[in-house]
Amino acid sequence: MKPRTSPQRRNLTQRFGFIFLRLVAIVAVLPIIAIMIYIIYKGAPAISWEFITGFPSDGMRSGGIWPAIVGTFFLTLLCALIVAPLGIGAAVYLAEYAPDNRWTQLIRIAIINLAGIPSVVYGLFGLGLFVIFLNFGISILAGSLTLAIMTLPVIITTTEEALRAVPQAFRVVSISVGATQWQTVRRIVLPQALPGILTGVILGLERAAGETAPILFTAAVFFLPRLPSSAMDPTMALPYHLYVISTQVPGMSSEIQYGTALVLLIFVLGMNLIATVIRSRARARRQW
Amino acid sequence: MKTKNKIITEHLVLQYSDGTESLKDISLNIPENSISVLFGPAGGGKSTYLRVLNRLNDLANVTKVAGKVQLCSESGDCLDILDPNLDVTSLRRRVGMVFARPVVLPMSIRQNLTYGLEIAGERNRNRLNEAVERSLKQAALWEEVQDRLDDPAVDLSGGQQQRLCIARSLALEPEVLLLDEPTSGLDPISTGKVEASLQELKKSYTIILVPHSVQQAARAADYAAFFLQGELIEYAPGKKIFTNPAVQRTADYVEGRFG
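Top to bottom, those sequences are chains A and B. Converting from the first sequence to this note's numbering requires adding 4 to each position, the first position being numbered 1. Converting from the second sequence to this note's numbering requires adding 121 to each position, the first position being numbered 1.
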C-alpha cells in the first residue's frame, strides 16, 4: 500500500504532535509550580527560628506556629498508628483470603464509596461518634480517629494493589514447599509488597495531615497557650490555623498566613518525598 | 526383584468447576526409585494428576474428586492423599514439586533452599547449611554457585534457576519429586544437565516427570503413562511403550501421527 502522505509531511505532523503533547504536559505541571513559587515567595520572609518554635501572640498577629506544628504532627502520627494496622489488615484479608462473592464485592463497593465522601462529612461523623457519643471530647484522639476513618479506604485500596502486584507464582511455590497460607503471606507476600504499602500509607497520611474539615469539629481549637499533654487534649493544627488566620482574624499580616501555608506545604511535600524515595529504592532492588 | 509401589491410584476422578482438563477413572501405580513419565497432548490431565499428588489442586476450583490415592512409605504404611483432614503441609514436604517456569523466590540462593526447612521449624545453622550443600550437589548446581550462595537467586541463568528449583524441593528431602515440564524453557545443554541429574536422583527418590517432548519421555522413562483427554490410555515400562505400544492411539502419538 502506498502511503497517502509524503514522508516530509508525516514528519511534520509528528513534530507538531510532540510539541502539542509537550505543551499539555507543561500546562499540567504549571499550576503546581506556580503555587509553590507563589507560596515560597510570599511565605519565605516569615520563616524564622522564632516563627517555627514560638507560640502565637497578639491574637495570632505575631509570634510563631509551634503548637500548630506539634498538633499536626501528633494528629498525623496517632492517625497512622490507628489506620495502618486496620487498613493493611483489611487489605490482606481482601487480597489474600477473601473469596470472590457477593459479600466481598459489597465490601469493595463500600470502600470505594467511602473514598468519595467529602471530608467535612467525616468531620461531622467524628463529632457525633467520637466527640459526643464516645465522650472523647474535642481531642487529638477524636481527631486522629476521624482522620483514620477518612484515610482508611485509600490505604486499603493501595495496599490491596501492592499485594496483588506480587506474582502469584511466588505464592504457589511457597505453598508447594509446605508453607501455610499465613506463612506465605508473612514471609513472601508482605515483604515484597511492603514498599508499595508504605507508599500508600504515607500518601494517605499526607492527605490526613493537610485536611481541615475532619478536625474542625473533633480536635482543633483556635488557640492554646500550651502544648497538648495527652491524646485527650484539644490541639492546634496547621491547616486549621491557616484557615483561622486567613478568615477569622482581622488585620492579619499576609506574611504569617503564607508562612504558615509554606510550613504546611513543606510538611506534606516532605512526606511525599519520603514516599518517593521508598518507592524508587524498592524499584531498584525489585527482583521480578 | 519386585518393585514396591510408592503411589497407588485407584479410580481417580476429578473435575474443575470451569469444565477444563479433567481426570476420568485413572488407576495407576508408581513404583519407587524410578522415573515415571506422564506424556500426551496438552489438556490430557498430566499436570492435574501431578497436582493431586501434593494437593496443589486445593488452590484451584475443583468441583469433584473421587477415588483413592495413597502415598506409601518405606515401612509399608500408606497415607490417604485425598483425605480432607490430611495435614497438607506435611504431605507437600514429602512430595516436592518443580514447575515448568523456574520460579525462584525473591531472596538469595541460600534462602531459596532453606525457606522450606525454616517454615517447617528447622533453626539449626549446621543442618541448614548441610541441606544447602547436599541439595545443590544433587541438582548438579553446587560447582557453579558455591562461591555466591548469598547472591540474589534471580541473578542465575534460566537453566541454573531451574536446577535451583529442583534443589529447593530436594532440600526438604521429599520421597517423591514431581516435575511438570521442568525443561520447557531451557536450552539443550541445560536440559541435558537436568536430565542427567534426574537419572542420579532416581536412586534415592521416586520421580514423576511430565516431559516437554516425546523424545524426552523416551530418554527418561523407566515407566511411561500415556494420557489422552483425561484418560489413562496405556501404562507400561518405558522401553515397551516407546518401541512396542499395546494400544494403537499410543503408537500414533509416539510416532507423531497426532498431537
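FYI, nobody ran anything at the bench for these hints, they're computed from the structure. Wrong hints could be hidden among the right ones.
[Unchecked claim] Stretches of chain B that chain A covers, calculated by requiring three or more beta carbons in the stretch to come under 8 Å of a beta carbon on chain A:
#: 1; stretch: 184 to 194
#: 2; stretch: 233 to 245
#: 3; stretch: 285 to 296
[Unchecked claim] Where chain B lies over chain A, by a calculated footprint (3+ residues, C-beta under 8 Å):
#: 4; stretch: 239 to 253
#: 5; stretch: 264 to 278
[Unchecked claim] Residues of chain B placed beyond 10 Å of chain A at every Cβ, according to the derived structure:
#: 6; residue: ASN175
#: 7; residue: ASN250
#: 8; residue: ASP308
#: 9; residue: THR364
#: 10; residue: VAL375
Source: prediction; values computed, not measured. Just so you know, even glycine gets a beta-carbon here, dropped at the ideal spot from N, CA and C.
- Coverage of the stretch 285 to 296 of chain B by chain A (three or more Cβ within 8 Å): holds (count 4)
- Per-stretch coverage check for the stretch 184 to 194 of chain B, three Cβ contacts closer than 8 Å to chain A: violated (count 0)
- Item | Stated coverage of the stretch 239 to 253 of chain A by chain B [criterion: 3+ residues, CB within 8 Å] | Not satisfied, violated; 0 residues make the cut.
- Is it the case that B:ASN175 keeps its Cβ farther than 10 Å from each residue Cβ in chain A? B:ASN175 not clear of chain A: closest Cβ-Cβ about 6 Å, inside 10 Å.
- Item | Outcome, coverage of the stretch 264 to 278 of chain A by chain B - at least 3 residues whose beta-carbon is closer than 8 Å to one in that chain | n = 0 at 8 Å, threshold three: violated.
- B:ASN250: least C-beta distance to chain A exceeds 10 Å? holds, 18 Å
- Message: Confirm or reject: B:VAL375 is not an interface residue toward chain A, with every Cβ-Cβ distance exceeding 10 Å.
- Response: holds, 31 Å
- Please confirm whether B:THR364 is truly not at the interface, meaning its C-beta sits more than 10 Å away from all C-beta atoms of chain A. holds, 35 Å
- Message: Please verify that the nearest CB of chain A lies beyond 10 Å from B:ASP308's CB.
- Response: holds, 21 Å
- Cβ contact check, 8 Å cutoff: the stretch 233 to 245 of chain B against chain A, three residues minimum: holds (count 4)
The structure does not agree with the numbered hints 1, 4, 5, 6 stated previously, though it agrees with the rest.
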